[in-house]
Amino acid sequence: MSYAYFPGCSQQGMAAEFDRSARSVCDRLGIALSEIPDWVCCGATPAHATSHLLSIALPALTLAKVKDADAVATVCAACYSRLRIASHELREDAELRARVKEAAGVECAGEVPVRHLLDILCNDLGVAAIRERVKRPLAGLKVACYYGCLLMRPPKVVAFDDPENPRVMDEVLAAAGAECVEWPYKTECCGASLSLARPDVVCKLANDILREARDAGAHVIAVACPLCHTNLDLRQADVARQYGVRYEMPVLFFTQLLGLALGVPEKGLGLNRLIVSPKPVLEKLAAA
Amino acid sequence: MMSDTFEPKIVAFVCNWCTYTGADLAGTSRMQYPANVRIIKLPCTGRISPLFIMKALEQGADGVLVSGCHPGDCHYTAGNYHARRKYTIFREMLHFLGVEPERLFFSWVSAAEGRKWADLVAEVTDTVRRLGPRRSAWGEPVEGIAAPRLSANPVPFEAPAGTFAAQAEAMREKAKALLAGGEVGTVIGYEQGTLPGTARPAFVSTPEEVDRLVWNEHCHQNLAVYAARKPAKPGKVALVVKPCDERSLVGLLQENRLAREDVVLIGMACHGVQSEGALAPRCAACQTRTPALADPVIGEATPPTATADPRLEQIARIEQMAPAERWNFWQGHFSRCLKCYACRAACSLCTCERCLAEKAQPRWIPAPPDGAGNLSWHAVRAWHLAGRCVDCGACSAACPADIPLYLLNLKLAQVVKDAFDYEAGRDPAAAPPLTTYREDDAQEFIR
Amino acid sequence: MKLGSVAREKTRSGFLAEVRRRSGTNPADCYQCGKCTAGCPLTFAGDLDPARVMRLVQLGQRDAVLQSRTIWLCASCETCTTRCPQEVDLASVMDALRIMAREAGLTQAAREVAIANAGLLGSVKSRGRVHEMMLVLQQNLRTLHLFRDAEKGPVLMLKGKMDPLGHKRGARDQVRRLFENVARMEAAERAASTTPRCACSDEGGEA
Amino acid sequence: MARVGVFICHCGENIARTVDCARVAEYAATLPGVAHAVDYRYMCSDPGQRLIETAIREHGLTGVVVASCSPHMHEVTFRRTVARAGLNPFLCEMANIREQCSWVHEDREAATAKACELVRLMVEKVKWNTALEPIHVPVTRKALVIGGGIAGIQAALDIANGGREVILVEKGPSIGGHMAQLSETFPTLDCSQCIMTPRMVEVKNHPNITLYTYAEVEKVDGYIGNFAVTIRKKARCVDEALCTGCGECQSKCPQGKLKTSVIPNEFDLGLSRRPAIYVPFPQAVPNVPVIDKEHCRYFQDGKCGVCQKVCPAKAVDFTQTDQVVTEQVGAIVVATGYDVMSSGEYGEYGGGRYPDVIDGLQFERLLSASGPTGGEVKRPSDGKVPETVVFIACAGSRDRSHGVPYCSKICCMYTAKHAMLYKHKVHHGQAYVFYMDIRAGGKNYDEFVRRAIEEEGAVYLRGRVSRLYQKDGQLIVKGADTLSGQPVEIAADLVVLATAIQARPGSDALAQMLKVPYDGYGFLSEAHPKLRPVETNSAGVYLAGACQAPKDIPETVAQASAAASKVLGLFSMEQMEREPTVSVVNERTCIGCFDCERVCPFGAIEHREIRDRRGNLLKVVSHVNEGVCAGCGACATTCRSGSIELRGYTDEQVFAQIAAVGV
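Residue numbers (this note's numbering), protein chains in the order written: chain X, 21 to 308; chain S, 486 to 932; chain C, 42 to 248; chain U, 248 to 910.
If we strip away everything but chain X, and leave its shape as in the complex, we get (with noise of 0.2 Å):
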C-alpha cells in the first residue's frame, strides 16, 4: 500500500511533534508516507460554517495533487473529517463537482479513499504487527483513550469504527502494552472549534473531560487530534484558574505513546514540547 501523506496546518505549528512522531512511528512500521506536494488548508469548521462549496473545493484543491496512491493518509481527526467528507460528496454528487471543478480549476471524483492513520495502523498493518515490534512495552501505563467529535461523526460518511465505543485507538495502544482505560467521555467533544473565539466555554469541556480520564484512573490522555490536543493539554492552566483543579494530567498523541514503544528516540517524538510534562509519569512507569 502507498499512502498520500497529508499534514495538515497545525502539525506545522502547534503540533510538530503529532507529525514528527507520526512520521517516526510509520517509518519504524514500514508504512511509507509520501506528503503530498504543495497541499492546502482542508478549511477546518471555519470554511463550512461560510460556505459549502469552499469547503468541499478547499480539500479538492489537495486531493487532486493525489497521484498513485492507495489511500490519502491523515493524523488529524479534523483534517480527516474534511478531506474524507469532501471525497464522499465529490464521489456522490455530479453537480457538485462541476461547481467545484469552476471554482477550484482542478478536477477530483474523489476516487482515492481518504483513511486515517488509525485505520491504516488497525486495518491494514494490524495490531498484531505492531506488537511483534514494540520494543519497550508500555507496562502499567493507564491511557485514556480520547477520540473527540471527528473521527467516528458522522457515522455515515466517516467511521471506521463503532461511533459510540470505539476500539481502535485502545487496541493500538493495548498492543504497545499500555494498559487502556474504560471511561465515558472517549467521544465527548472538546469544543476546540470555539478555541479561539470562547475559551470559556472550552474550558467547562475540557475540565469535563480531564475530571472524568482522572476518575477512570488514567495517568495520561491519548489523542488523535491537534484541537484536543491544545484544548486538554494548554488549557489545564485554565481550568485551574476556572475550576480551581489541578490535573497535571499529561496529554500525547497517541503516535508518541506509540513511538516510545516503538523504541523511537524521545528527540523524534517531541515529547519535550508538551506543556505538561509526561516526564514524571514515565519515569515513575521506568522506575516501577
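Source of the hints: derived by calculation from the structure; they are not laboratory data.
Keep in mind it's a predicted model, so treat the numbers as computed, not measured.
Honestly, I wouldn't trust all of these hints.
Capping the alpha-carbon separation at 30 Å, the derived lysine-lysine pairs in DSS-like fashion look like this [said to hold, decoys possible]:
| hint | chain 1 | residue 1 | chain 2 | residue 2 |
| --- | --- | --- | --- | --- |
| 1 | C | K200 | X | K162 |
| 2 | U | K866 | X | K176 |
| 3 | U | K672 | U | K631 |
| 4 | U | K866 | S | K844 |
| 5 | X | K304 | U | K631 |
| 6 | U | K672 | U | K725 |
| 7 | S | K601 | U | K777 |
| 8 | X | K162 | X | K299 |
Simulated coverage check for chain U against chain C, where a stretch passes if three residues somewhere in it have a Cβ under 8 Å from a Cβ of chain C [unchecked claim]:
| hint | region |
| --- | --- |
| 9 | 644-651 |
| 10 | 704-712 |
| 11 | 720-730 |
Where is the CB? At the ideal position from N, CA and C, for every residue including glycine.
Add chains S, C and U to chain X, keeping to what the hints say.
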C-alpha cells in the same frame, strides 16, 4: 353531441374496486362531466393489458384512459404495481412509435375520489378535443408529412491477427472431445457459408464432421435460438456461443425453457463480429467480451473499447422527430413488412408454441400484411420482448425487408434499464422485470 | 420573536425551504424529541437549545433563529446528527443558518466566532495554510481582548510551539483564485435565487 | 345466433329525466342479436323483475342486459332474477346508465346517445358470455393454530368451544407465550399468570384440542379448506405419557446447581439460570420437562444420565428422536406473536455492556412474584434495590435511524405500569420516565397514565435520552426535557428501555410458506386494513395478535376471537362456494414459462405435468387452482401466448366492448 365541435371518443379501462366505484360516487354526488368517456370495467388494473390500449387505438379511439387503485390499495394486493411497470414501458413504446403521448392517460382514482374522477374526465376530454381527431388511422401514414430516413456511420472492423484461427482450432478440438465422449450428441457451431465472407449454422454429430466448423468474424448468428429445441440426434446439444449469445441462455433459464445442465456451452472469447463489411453496430460499445456461463472459454477476448454505440445516436434522432414524423418513419419501414415472421423465427427468446399472432379467437393482430396488421405485429413483438431482448440483432439480420427492428428493441431495453435498473440476460436468478415490482417504482406519468 | 404567532405561511415555508435547500436535510422531519439537546455538549452555553432551533425553523421564525447565539456556538461535533432518530443532519442545518446569518449581516450574537472564522479563512486565503500565531494575534486585536491568552505566549515560544517564521505556505495562487471564484459563483447563485421567483418554488407544494 | 334481451330502467325519474329511455330501447332493438328490448319504470321492483323473467321464457333469450344503476347496486338482484327464469346468472350484464350517465350529464341528447352506446357495449359483451357454475370446494373442518401465546390460546379455545377440532402448535416447551412472563397487566393491574393459567389448563384438557408443544410447522401445502400441514415434533427426551411432572429430574440435574449453572433461563430472559432438563416455569402446560441437548452432559460427553436414574416414572428417554406428523386442516390461524428488540442494539445506551440496562420484558420478570428475585426489585449487577430508576420509552421505536420507524403501541402503557409497580415495591424509590408522546388511547388507559404521574409520583420528562454511561456503580443518564428546554442528567441505579416490538425472527419464512404477504419488518399483512383485519390474502389463513402488528392483550384477544369466528364461519359448511370468475389455462398452448406464477399474488398457479399415454413427460404447464384464485387477472395479462383467460372478463369480451365503442 350534435354540435360542430369535435367530440372525441375516449375509452376508459378501469378497475372494479376503486375507480369504477369512484365513478359511481361522482354520480351519486351528481358531479357533472362531459359524456365522451366509455368505461370498460375489469376486476383490476392487473387485468388491463397494455395491448387493450393498442386495441382501442386500432379500433379508432381518440384517447385512452386507464385508472385503478392507488399504490398500496389494490384489492388484490399488487395488481396495480404490476400494471404500473407494464404501462411504464408500453407508454414509452407507443410514444417512440409516434403515438402522441397526450392521448394516453393513466391515473389512480380511489373509491372515495368522485371529484377526482369528474375532474379527470373533464380534463381528458378537453385535452383530446383540443388535439383534434387522430391524424391517421392505425397503421396508415399521416398525409403530407415526409417519412424521415436515418443513416448509420459504420465503425470499421479490424480483426486481430491470428486469434480467430487459434480459437477455431481449440474449439474444434473441444467439439471432437465432446462428441467422442458420448454424452453430447450434436454440436451446433458455424461453417463456411455459400458466399465468401459469410458463415452459417452447422449441426455436426460425429467427430469427423467437426472439421467443417469454422470460427471467424462472420459468425454473427445467435445459435442460442436452437438451445430450447429438441435435438434430432440423441444426447445433449453443445452450442458454440459468444458472450452476447449467452445472454439468450440466461433468458431461457429464467423462463424455464431449459435447465443449465441440458446444454453444453463452448464459449468463444469475443473480438466483435462483422456486419456488411463493418463492425456490427451492437459490438461497438459491447463491454461483455468473455463468456460467463460457458463450460470452457476458448481464447482471450479483445478488450472492450470506449466507442459509443452508434445506434444510440439513431434512437436520439428518432426521439427528436415530431410525433407525426416518427409515426411516418415507422409506417415507412413497416409498410415493407411481408409478415414472413423471419424476425420471430430468428429470435432465441420467441419460444411460444402458438404465437399470439396466430391466435384467431380473438384476433389480437389483424392477419393481413397491411398497415394495421403490420403495425400491431411489430408493436406486439417488441412489447413481448421488453425486458427480455438481449440485443443479439438476429431479428434485424433476418428481416428480408431491412426493417430496423433493433431500434425498437434497444429503445425498450433502455426504458427498462432506466426505470427498473434491469438488464436482460445478465442474471439467471433475477426475476424478469415485468413479473416483479417495487413499491417505489417511478410513476410520474400517473396522475 | 413574537410569541404566539407563527410566521406568515409564505414566509414560513419559504424559510423552511431555504434551510432545506442549503442544508440538504429536511427540518420538517424533526419531531422534537430533544435527543440533540440532551447530547449537545454546548447546550449550556447557547441561548436556544438545538431542538428549539429546529422548532423555530419549522415555525419560520427567521430572525429569532439567525440572531441566536446558539448557531455560532455549535462546535460541529455532529453528536446530534449521529444520534438523531429522524436522520436530520442538524450540523448541516447549523452550517446553513450560519451562512444565512452572515449573508444577512446578523452575526452580532457571537461576533467573536464570526471573527475567528473569518480570520482563519483569511489566513488560508493569503497563505494557502493557517498561520496559528497570526490567528491568535488577529483575533485578540479584532475582538479587543488584547491580552487574552497572553501569558501562554512565552510558554508556547519556549516549547517551540509558536514560531513566527515557522509556517510554510501552500499553492497560494491556486487558493486565492479558488476563494475569488467561490465568492463570484455564490454571488451569482444568490442573485439568481432572489429574482422575482418565489423562494419556495424549488421545493414545490409548500407555498 | 345470440338472442339478447335488453331491459332499460327509468329508475323513476332518476334516469328518465336526462335519458330518453324509450329511445334507448328502440335503439337497442335494432342491434344485431337483440331479440327483445323494453323500458320500464322500476326494473328492480317485483313487477320489473317478473317482466325480465317472462321475457326470458317467452323469447328464449340467451343473454340479458339490464341498463339501470351501477352493478355494485343490483347485479346480484338481476343475476338472481335471470336464474329464476332458468338462465345461467353469468349471462346477465348491466349497463350503468344512472351513476355513470344520467346523474353526471345534463344534456338530454348527449346522455341519451351515451346510454345507447353503453347498452351497445354490454350487448356486444354479453354475446360472448358463457354459463359459469360456482366452484365448490370441500372443507376439512379442523383448524391449525400456530403459536401458543394468548392469541393462539384464545383462538384455539373459541374454535374448540364452537365444536370444531383444533391442532395447536407451539414452538417452545410450554404454551403461555409472553403473557405468562408478565407480572401484572395494565390498566387493571390484575396478575397476568392468575388470569392466564386457567386458560392454559383448559387448552390441555379440551377434548377438541390436540396440543403439540416443542413443535414447529415445517411445510404447508394445499389451499383453503384443504391444507396439508407437516409438523415436526422435536425430541423432548421425556415421554409425555409417562412423566408425572414430579420435578425430581430438574432438582437433581448437576447442570442446575444454583451456584454453578451457566445456562441462561430463557423464561427469565437471562436474569436467572436453569438446569439442562427443565420445565420453563412452574405453571407450564404441559408440565413435562425437556432436555436442552446443547447443555446436557449426557448429550455432550456421554456421562451423567442422573435424570434418567432418578425419574420414578422412567420417563426420561435419551433415544427419543424428532417425529414428523402430517395433519389435514381446513383453516389456519397464525398467532406467532412478537419479540422485543435487544437492549444491546443502542451503542449510546451502552450497547449491551451494562448489566443494569435492561428491557421492559426483563423488568416484568423482576416484578413478577415467580421471577428470579421473587418479586423484589433488585438490579442484576449486584442485587441492590434500585432507588432511582430511569425508564426510556421509544427505545428503538419511532427511530428510523437506529431502530424501526413505527410506534410499538404498548410501551407507553407498560412503562406507566412499570413506574407504578416499582413505586408499589420500592416506596422510597424515584421513577423517571423519558418519553416523546404518551399514547394512551383505550378504555381507562389515559386515566392509568395520569395515576402514575399524579398519584404514584413518577416524573415524566418529555425528551429522548442522548446517551448513558456507567460511573461509580451508577448509570449517568443524559436526557432532555423539551418542555422546559433544557438538558437533564440523572444518576440512576437501573435503566429500563422500552425497546421496540419486532416481528418474530423467521416470521417472513413462515409467511412465505403460507403465501401471506408481510411488510418490511416481518409483520404479516391483513387482507384489508379496515374491513378485513383478520383475514389474509391467502384464503383460509387468518391472523391473531402481534404477528400482524404490535398489540396489547385486549386487542390480541379480540382479534383472536374474530379469527376464530371467521374459521367457524368457514366450517359452517361442508362445501365452500366460490365465484367462478377465475382464470383458466389453455394447457395446449402454455409453454410453462411460469411468469404467471411470478405475478400471482395468491399462489394460485400450480405446475401440472402433461404426459403421453405411455407416461412420458411431454411438458410442464401452469394450472390454476380454482380454490385459491381470486380472479384478478394479472396472469392473463402477463401471458405472452394468450394461454390464460379470466372467466367473465375474457379477451373476447373486452375486444367486443372496444369494438363497440368504435362503431
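Assertion that chain C covers the region 644-651 of chain U - criterion: three or more residues, beta-carbon distance below 8 Å | Three-residue rule met by the region 644-651 of chain U, so holds; n is 6.
Restraint check for K162 of chain X with K299 of chain X, where alpha carbons must lie at most 30 Å apart | holds, 15 Å
Are K601 of chain S and K777 of chain U close enough, with their CA atoms no more than 30 Å apart?
-> Distance ~23 Å between K601 of chain S and K777 of chain U Cα, so the pair holds.
For the pair supplied as a hint, K200 of chain C and K162 of chain X, confirm whether the alpha-carbon distance does not exceed 30 Å.
-> holds, 26 Å
Chain C covers the region 704-712 of chain U, three or more CB atoms within 8 Å, holds or violated = Holds, because 4 residues of the region 704-712 of chain U bring their Cβ atoms closer than 8 Å to Cβ atoms of chain C.
Are K866 of chain U and K844 of chain S close enough, with their CA atoms no more than 30 Å apart?
-> holds, 21 Å
Does K631 of chain U lie within 30 Å of K672 of chain U when you go C-alpha to C-alpha?
-> holds, 13 Å
State whether the coverage of the region 720-730 of chain U by chain C holds or is violated, taking the criterion as 3 or more residues with Cβ-Cβ distances under 8 Å.
-> This one holds; 5 residues, not fewer than the three required, reach chain C with a Cβ under 8 Å.
Quickly compare the C-alpha distance for K672 of chain U and K725 of chain U to 30 Å and report which way the hint goes.
-> Within the cut-off at roughly 26 Å; holds.
Take the C-alpha atoms of K866 of chain U and K176 of chain X, compute the straight-line distance between them, and say whether it is at most 30 Å.
-> Violated - the C-alpha atoms of K176 of chain X and K866 of chain U are around 52 Å apart, more than 30 Å.
Holds or violated: K304 of chain X with K631 of chain U, Cα cutoff 30 Å?
-> Outside the cut-off at roughly 39 Å; violated.
Of the numbered hints listed earlier, those contradicted by the structure are 2, 5.
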